Each structure stands twice: as structure tokens, then as C-alpha cells.
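**Q** Residue numbers (the numbering used here), protein chains in the order written: chain A, 1275 to 1628; chain B, 1275 to 1628; chain C, 1275 to 1628; chain D, 1275 to 1628.
The set of hints was computed from the structure by calculation and includes no laboratory data. Mixed in with the good hints, there may be bad ones.
Intra- or inter-copy, both count: the list cannot distinguish identical chains.
[As the list claims (entries may be wrong)] Straight-line distance between alpha carbons at most 35 Å, and here's what the computed DSBU-like set of lysine-lysine pairs gives:
1) Lys1309 x Lys1506
2) Lys1447 x Lys1309
3) Lys1309 x Lys1329
4) Lys1447 x Lys1506
Fair warning: this is a prediction, and the values are worked out from it, not measured in the lab.
Chain by chain, the residues run as shown.
There are 4 protein chains.
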Amino acid sequence: MSASPASDGRRFDFRSDNVAGVAPEVLTALAEATKGSVTSYGEDPITKRVEERLKVLFDHELTLFTVATGSAANALALAHLVPGWGSTLCHCEAHIATDECGAPEFFSGGAKLAPLDGAHGKITAATVAAYLARDTRGVHHSQPKAISISQSTEAGTCYTPDEVAAIGAAGRKHGVKFHMDGARFANALASLRCTPAEITWQAGVDAMSFGVTKNGAMAAEAVIFFDADLAKDFGYRRKRGGHLFSKGRFAAAQFDAQLTDRLWLRLAAHANAMASRVAQGLAGIPGVALLHPVEANELFVLMPERVIDRLEKAGFLFYRWPAEEGPCIRLVTAFDTEPAAADGLVAATRAVAG
Amino acid sequence: MSASPASDGRRFDFRSDNVAGVAPEVLTALAEATKGSVTSYGEDPITKRVEERLKVLFDHELTLFTVATGSAANALALAHLVPGWGSTLCHCEAHIATDECGAPEFFSGGAKLAPLDGAHGKITAATVAAYLARDTRGVHHSQPKAISISQSTEAGTCYTPDEVAAIGAAGRKHGVKFHMDGARFANALASLRCTPAEITWQAGVDAMSFGVTKNGAMAAEAVIFFDADLAKDFGYRRKRGGHLFSKGRFAAAQFDAQLTDRLWLRLAAHANAMASRVAQGLAGIPGVALLHPVEANELFVLMPERVIDRLEKAGFLFYRWPAEEGPCIRLVTAFDTEPAAADGLVAATRAVAG
Amino acid sequence: MSASPASDGRRFDFRSDNVAGVAPEVLTALAEATKGSVTSYGEDPITKRVEERLKVLFDHELTLFTVATGSAANALALAHLVPGWGSTLCHCEAHIATDECGAPEFFSGGAKLAPLDGAHGKITAATVAAYLARDTRGVHHSQPKAISISQSTEAGTCYTPDEVAAIGAAGRKHGVKFHMDGARFANALASLRCTPAEITWQAGVDAMSFGVTKNGAMAAEAVIFFDADLAKDFGYRRKRGGHLFSKGRFAAAQFDAQLTDRLWLRLAAHANAMASRVAQGLAGIPGVALLHPVEANELFVLMPERVIDRLEKAGFLFYRWPAEEGPCIRLVTAFDTEPAAADGLVAATRAVAG
Amino acid sequence: MSASPASDGRRFDFRSDNVAGVAPEVLTALAEATKGSVTSYGEDPITKRVEERLKVLFDHELTLFTVATGSAANALALAHLVPGWGSTLCHCEAHIATDECGAPEFFSGGAKLAPLDGAHGKITAATVAAYLARDTRGVHHSQPKAISISQSTEAGTCYTPDEVAAIGAAGRKHGVKFHMDGARFANALASLRCTPAEITWQAGVDAMSFGVTKNGAMAAEAVIFFDADLAKDFGYRRKRGGHLFSKGRFAAAQFDAQLTDRLWLRLAAHANAMASRVAQGLAGIPGVALLHPVEANELFVLMPERVIDRLEKAGFLFYRWPAEEGPCIRLVTAFDTEPAAADGLVAATRAVAG
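Just chain A, same shape as in the assembly:
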């Protein structure tokens, strides 16, 4: 292995896409946004402009609410769709189920999550339909009120438009709302090469968490409702959750920068490409295998314990991941992952495992 991790940790850090900083365009937009005095609490021109741009992007009416974090976006959105006696169907490894310390339960006043199994981080329309077909025996039981899927998923895979539409249809048959956790929406879109509309409202999605923080922004997450009726009163919910920024222009400016000249898709495409590059490089190395298809910017790689140890000793940063199949690591690429880092990781793996 010729490349060795430099003191600058960035290039060899595969822990997450949120260990990265922000894209220069985002910083520029913030500097521009500070000019002048504007109405606070999201009533500023930049927020309005972003909402308009999103309408064009999604080719649909929508209502935008910026919030501080992806957990907030998910929890606030679900709390708006699901009453306390309701439940949200989701994959058993969904971020809302395993990584938000009960935020959805907190914001909804104790609504339940109904975790479903599914290969490669995805639930299926069939599983959803089977769950909803069960007799839920009246008031003793939490009532299914929403489905939430992650796009891209926690396993680094993507739902196709057809898959999304089938899940949406299975839910709608039972009056169940449909939420998409789009913390890595750009990565999915860049991978699927479809339109935003095709994998959201056209596939039955009622509301989504739309985040660009992981994609080179600083802290820019939002809830989008495709139905104005559903959005009603959400402003109160956001405010009392402490998620209404006083200087709302700055959250909006980050979205604005991302949506300009397709920056968000370019950044996501780069991150995805770096993940593919690693995946291709690892292919054929003895004892190394992918746990899930690599369709966005995450890789889950099965490899011998001694290889993992050596990579860690060499200074590569990543998380070990629980897997029944054996020792496994998660690698996440970001908008600023350098090809040399991807190649370095591959070379180091090959050197040890080969």
C-alpha cells in the first residue's frame, strides 16, 4: 500500500458522511445571506425562494419547513401523521427505529413503531400488506397510521420508483400515510436516475424528511408536505419542538446553494461514485464480500477480523457493524471523499487479504 493516511483525517475517514465539513458553495451562500435585515422565523425571502425552487424540482405544490436535524424532521413529520394511538411501519433497522433515542415516540406522545424485516434494509409491499391485513382488534391495539421508508436506506440501497409506489399503494388501501426519510435523498436520486417526483408524490409519498446536511451542508434539514391539508398546523408543532430557527434565512441559504446548478446531485453523485469505486476495487479479494448491494454512498463489507484490525492500525477510520454473516465494517463516502482515499482503502485491503 503506497498511500498512507495523512495527518489530515479527512481523506481516510469512512465513519460517516457527517464527519465531513461543508461544500464551498454552501459557505458562500451563507456569507451572501447575511446581507441586509430580513423578517425572522422563516418569513424571509430566501426561505420563500427555496420553497418555490422545490416546487419546481418536485413538479408539485408543497409546503416546506426547515428544521435543525434529520431526527427532528422524521419525528416531527411522523408525529403530524400519526396520533398517539397509532403506529408507524418501518424497517427494523430504520434510523427512526434504532438511532434517534426514541424521538418519534417522544414527539408523537408515545405512538409506536412497528418494525418489519426485509432484505438489504428495505421493506416490501407484500410485508406491509400482510401486516395491515391482520386483525388489530380494536381499542386494545395501536393502529397503523403511517409507513416510513428511508431513501437511500440504512443499508446503502435504494427503493426503485416501482417499489415505492407498491408500498404506498399497500398502505393507502388501509388509509395509512406514507413518509420518506430522505436524509440521503440526493444519494438515492443520483443513483436511481429518476425524477424527484417519481419516487415521492407520484409514488404516493405524503410527506418527507429532506436533508442535505450529509451532502455538504452544515445543518439543513426540512419536512416537506405534498398536501397542504397535511401541513396544516405543522408550524405550531415545529415551534414547540424548538425547531423554528429565528434567523431562518441561513438554513434556507444552505438549501439554496445545494439546489443551484444541481450542486446537490453533483455532490451526491461523487459520493456514490466513490462508494462504487471502493466496491469495484474490493471485488474478487479473497474473504472480502459485500453484505448489501452498493447503490448509494454506503458499503457494508464482510472481511476477516485480521484484515479489519490491520486497516484500523493503518489509520483508516470506519465503524464495525453487527452482522450474522461474520465480521463486518461500514464504510461511508461523502461529497469530499478523494479517489485516493478510496483507492488507498482498496489497496490496503488487498495487501492484507490477498
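Assemble chains B, C and D onto chain A, guided by the hints.
**A** Structure of chains B, C and D alone, referenced to chain A:
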């Protein structure tokens, strides 16, 4: 009146300190902070450094938790001090009581606020003591568990160290915790010319909301606990409130910039000076009077309706404020308020009212 | 004073109507209800019968939900009418505001109460209208969503049908729902000599807490909705509040007994008569005065401290009550208060004060 | 089949033990309890006496809180042991997980349940230990704070004292509290033939839900804490949940009757005996098999669909139960199940299936 409001709204906008943008030093700090890859979720070096600087500043051990907004800081802090069956004593016009859409009640699972009267936005130790001396007749009644004061207050006044200490002592006698809403803490400090320690932990404050957003930051608020035991488990509460930033370095960087070279006090002192300048300028104008002493960066000015109308027509921006004494407006100055704007407002008022 | 309190505390106990036991008819109904096996969780014939009887009584369609306590009835009903960002207007001394340890706030996820002043425990349409006319400035403020009045009130007074209707109309103008706390509904009805319809749905009441526990039952409280749409999903809310009795027939049987042969009104009329008897007896005793008109089964009596002391020493049981006008006691009569007890109290007071 | 269900549904109703009425002794106790005037809200002599009797029964200090329902007891107890960011380990078919419409989540402000698998309705110490040994990765994850087991279980089985103690020890090692849902505690005790102490505090149980409603009472459930520190402030929690009865003597009187002359154990032993009688009768009938061991008063019986149909047509009442093994019914016996009913069911089954 020679000056007239320009198309750049900033100079004549007295609606709030949150209609302003950010100080250049804050932008520079953000640009610097983006470099390199760091651990996410607040485990980064900048967050650590800010916590250390705050320990020096307050001359005390403390635990820092950055959050997205001042409402979040207040509500999360109070929820940590007050169980669901508890109540928080506060001024009847406190931000937590009137401007957070029930955030404290939401985060605490329904704890009550006990609003107290008091001149010029301040509660007194005597009022607190009288309230706490009442028989609360057991389980039928919410139990007083915390006091919260704003520093500076919603009336633009400041509690002296002695006043704070007396309130803290009145509460401590009944086992009641003490919280300070420091959304304008810098303005208070710049006005009082005491140390941070004197008006916080030395005066019995257990926890505070410490915000610099209004003082030239973008979105930088925090909860500070002066007692590590009280801080226990607060990280879980913040996370499930959706207030743990993934790229925590950027919230921290804003504090870092503010704490460097006393920027925060310089900015606050300027805002305060602009408020004083307006107050002095208005003194003696017939029919114009101050509703509260001007001790920070807010003025509440009684003036005839026709004067208010003329100021609005002239392009000055501010909010009308309810007051029993008659027509009233609120003027808020900020870190970037220009002397010309202050003078322009005075001149315009004098021209109409004189 | 010829009568002296016997060892049997019942006759001289004026602390509350809930220190009394139950009417014999209620016990008989419970014994009868135990026969046979019936569907549990409120799907039994007795519950159905009570609901039908109430429809006749109120001359209106309605939906009945029995619950365990009056606090539960109030809190569950209000939580169903008011979202978390809402508020409920009520008298500042309402049971929901002062005696339920925050139950309404808990069940609603932190909705606020907006306490209003008013003479003799009653709010007025004018006060309500004035409150609702205020500008509530958008998302920063809890939104008025319900009004709750107690019938009879915590001051032992009753709202006339006209007063109720005026309050209801004032609220409806702003889309605000109307709730009645009828923990002493029978006492009000017996006093007002109007129909149940006249002081409920005909006066704009949407939902009520209907209790007979204080009126000779054991634990029989209910929420009644006069609008089936409002009742939707309330069963889930009740269940997750732990207020769905498994053997629902027994709560229903208590109502059944009360509604048979107008028992509830006879019991309430007796309690009211005993309160009037005391009031008339006390009239003209020097230094003794009523704080509020006596219109139901509660008296608030101003009397010199030494008289209060002597009554206590003589074995009479009652609570001292805070009043700005001077030393005050509250006396509550019940379905089983004996005339001799009422007379004994009057005689003892006269003996000391006269 | 010689016996046929009479018009009196009681004798052939195996739907649940809550379709039964109450034992005569309970009615007598209620009639006795009504005498005299007593302090309300659980400060009455009967409640005090029951608490004392329970201390003797459990051979330990304890604190008693009566509540309206078993769901309330479970949810209130768990909310007191588990903060919002906590989770409760339980069997995946536990009543708290599947039959309380999210009451535990509601009362705890959104704490999670962590459902575990286990044969015959029981979790094991090994499963608990394995779960707790997992790395829960800090603030992103709900923290295990309590274990809850049902005694007897939803599968009609009982935990032995050793099993309980092992689970308690596994939890205590990680600082996790231990709760027992004793809605059918008497049935378990009558089956296990151990002391109440042996399967509760001696085995590490910190708090329990203790119910006698299913065992011939009307509505008598309670939370018991074996540690006074844990009980602290629970009174406030109960009150604001609407579960503090005003006429507390009547809930207590039901417990009093049950604890007199070991009535509760006699009633439970009868119910258990009837279940055994059915189990023994069904043994050897072709195509009929028990899904779980019959250790209390519930049977889960696998039988051909046509046999189930015939039993239903013959007028027997019971619920079908989901089971992977095939068609299944649940039969619950009660304190008043008559041997003739048990024999009738067996005879009818044999007649059809034989």
C-alpha cells in the same frame, strides 16, 4: 429629519435583534471550521474547546450542550429540572410563558408554568418567597420545582447580581432549582459590568440557556449546567428532542468566534449603546416616554398614535406593543445597528412629536 | 348547641361530598349487575342501556365513555378537543387548573390552560370574547381551542342556561370548542330547574364530564360527546390512559341506578337543600357572611377566626379556604347530610358568634 | 354431548376471566365500606389496613397505590421506573406490548418497549443478559432501564422463583429495574405454591402491578413498590394520570375482601383447577393438543377447524388465537367457572373430535 430609510432595510429595522445577519467573525469561523474530518455529534475538538473556554469564562466547572434554538434550550433545560408534576415560576411575560407555543410544557410532559407579576419584566425574591410559602396541599397540585428568569428580560431590563442571588436563595430554601434564560446574556453582562460568575452560579443559578444567535451568530444556542449531576442524562433528552447536531462543530464554531477577543461583549455593548442612544435622544420629546428603564438593547416607548403612524410611514420597522399606559412600540437594537439609524429614528420622532 | 358530633363522623363532616359513602340503590345495582357473564370492556348490556337512557335524558344523540375519575374525564375530554399547541380557557379557580396536578397538561401533551378571572367562580362571555379577540401572533403562541366551565362551579354557584349559551357563542365565533365539567352536574340541574339539554348541547356544549361519584356513587364518571365526529378515536385515547374498565358493567350500573326514578336529582336536591338550610341558618349571625351565593351544595363562609376554632374543637370537619376578605371555611353537603348536622353546625356557630 | 349451554351465558363463557362478575364477599365488603364518613383520596382507614395486610403478606415493607385498571398499573409503574429515553424489556406477547394501545409509551413520554422472544410466553435470563450485553452506542439509542414480566403469563404459564430471580439478577447487573405484571398474580401463586415474597422482592422485583379484578373483584388494581425510594413522587404521577380515586375506600375494600381468609387464593385455585380439569379432559382426544403447558387459568388448545366451528355453534364462547401450529382457541377459566361447564366443553370436544 435628514436621514431616510434606504432600500437596505437593515439600518432602520428595529423589529428584533434576530432580523440581523451574522458578524463577519462568525462567518470566518465557520469557514475555518469546515476543514478536515472530525467526529460528529458534538464530539469534535471545537465543541470541546468551547466548553473549556466557557469554564474559564464562568470560572466554574460546567457541562455544555449546544442546541438549535433558544426555545429548545429553555424547554430542554426546564424539562430536565422539572418533572411532569412540577411547575416553573417565571415572570408572566417571560419568553417561556408567552412566546414558545408551549415548548416547556411539551418537553416536560405537561409541567406547568406559574407566572408571577413584577414591574419591568422582573420577578422579585419576595414574590417568589410568597408563592413558595403557600400550602400546596399535596398530590392535587403541581409542585414548584424551578424558577426561571430572563437575563436580560423581555422588558429590556437586567437583574442585578443581588437580585438574582436573592431569588435563588428564596427558591433554594424550598428545594427549587434555578434556571436563567440567557438568550440576551451578553447584553445583560455588558450592561451590568459584573462577571458571568456573579450573575449565574455564584447567585445560585443551576442551569442556563446561553444564546448568541441574537448577538451576531447564525444559530448558536446552548444549555449549560453548573452541576455535573444535573447534567446527567441530558444528552439523551437533547437527542430525542432532535437537537443533537450531526455536524456539531459548526454550532460550536459560532460560540468560539464570539468568545474570541471578547467579541460577544463588544457586539452586545454596541447594541446596548445604540439603545441608550435612542433613549437619550427621545428624552424630553413631548408625549414620548419610556415604559421601562433601558438597560440592554430593547426600548419600549410610549408615544401618540399619530407619531407611531408617521414613523411607520417613514419606513421604520418595529412592533407595536400592548401596554395599559397607552400606544407603545418596541424597538430592538442589534450588533449591527448603525448610529445613523438610531439618530434617524430620534430625529423622525422629534420632527413629528415636537 | 344541643347536638354534638357523634363518633360516627358522617353527620358532621362537611369536608367534601366525596367523604360520603354510596347510596343504597347504587349498592343494589352493583349486586344485580354481577349476575351472568357479559362481554367486557364496556361492550356489556348495562353500558349500552345507560347510553340509551342518557340520549333520552339529554334529548340528543351522544356517545358515552365511562372513566375512573373526574380528573380523568376532564383531562381526556380536553386532550381530545385541544392539540398540544392549543389552550383551554377556564376560570382561574377551576378544578382543572388548580386540583388535578396537571392532568389536562399531561393528557394533551402539554397544551396550556388560560385561566380567566370572574366573580363567584364563573367566567363570563365578555371575558371570553375579550380574550379571544386578542391577536395571538401566529406560531409563537398557544392557540385557544376550547373553553371549559364547571357546572356547578368550584364556588358553589351555577351558570344559567343563558350564561352558558353566551359563553358557547363567544367561543364558537372563533372556532373554539366548549367543554363542561359536570362533576356536580346533578347539583346544578337540581338548582337551575332546567332540562339537561338546556344547559348543555342547546347552549353549545360539545363535550362534558358527567360524574355521579360525588352524588352517591362509588366511582362513576364519564365523558359524553354530543357530536359523534368529536367522539371519533376517543376509545383509543381512553384505553391508553388506562381508563377502560375491563368489567365495564359496574361503572355503568352506578349510572343506571342514579338515572332510575330520578335518583340522581333527588340525591342532589337533598344535598342542595342541606346547603340552603345552613345558609339560611347562618344568615344574620354577626360577623358571619357568605363569600358566594349558595346555589348548589357548597358554602364558603366568612367568619371570625375564633369561631372557626371553636367549630373545629367541637368536632365539625371542614376545610379552611383562602379568601382575601378574611378567615373563611368551605362547607360541602352531600346526598346523605342529615338535617340535624346542618342544624347542629348553625347552632354551634350561633352559640359562639352570637 | 349431554350438557348444552343454558341461556345463562356465564357457565359456558371461556372468553376471559373478566367476563365474570364479582365474588359475593367483595359485594359484602363494599356494602360494609360505605358506612360512615372517611377522608377521601386514599387516606381512609381501609386503604391503610390493606397496605398493612400486604406488608404482612409479602413479609416486607411496601407502598401501595390503588388504580383503576391493570393497564394503568403497568403503565404508571413503568413510567416511574423508566425515563423517556429508556426501554423496557418484555416478552413480545406481553400485555404491555400488545394489548394496552401504547399506554406504557404514553405514560412514559415515549419510552420504548424492547420485545424479546421466548417459549410459552416467558423470557429467560439468558435472553435478557444477551440483550443487555449489546453495545448500545450512547445517546442515539434508548437505554434499557427496566424488565417487565407477567406472572402468570399471557400464555397461561408461570415463572418459577428461580426463573424470576435469574432474570432479576441479569438486569440488576446492568442497573435495570424489575417490574412484575401481576394481573393474574393470584393464579400464579396458587399454582406455584410458593410465598408471595419468593417470587417478588426476594427474586429482585422492585415494583409490581397487583390486580384482583380478574379474580372476582370489580375494579381493584394496584401498584406496589417494595422500595420506598422508588415510590417517591408516585402519588403525583397517579393523580395526574386520573387514577386517584376520590372514594378510595371502595377500591381498597375489594382488596380487603380478597385478602380475608385467603379468599383470593381460594378463588384463583378454583379457576386454576377448572383449567386443569379441561386440560385433563382434552388429553388424548385425537387432533387436540395444548399449545402451552397449563399452569394457571388459561388454555391454548390446538384443534381442527371443524371442531372449533362445532363448539361455537353449540354456544361455547371463547376466542380464536393466532398460532403457527394451526387452528387454536384460547380458553380462560374464572373464579366462578362451574365444573359442569368444564366437563361440558370437554364432552362436546370429544363428541366432535373423537
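**Q** Each of the hints needs a verdict: does it hold here or not?
**A** Tested hints:
| no. | hint | verdict |
| --- | --- | --- |
| 1 | Lys1309 x Lys1506 | within (32 Å within a copy, 40 Å between copies) |
| 2 | Lys1447 x Lys1309 | neither (50 Å within a copy, 43 Å between copies) |
| 3 | Lys1309 x Lys1329 | both (26 Å within a copy, 33 Å between copies) |
| 4 | Lys1447 x Lys1506 | both (23 Å within a copy, 20 Å between copies) |
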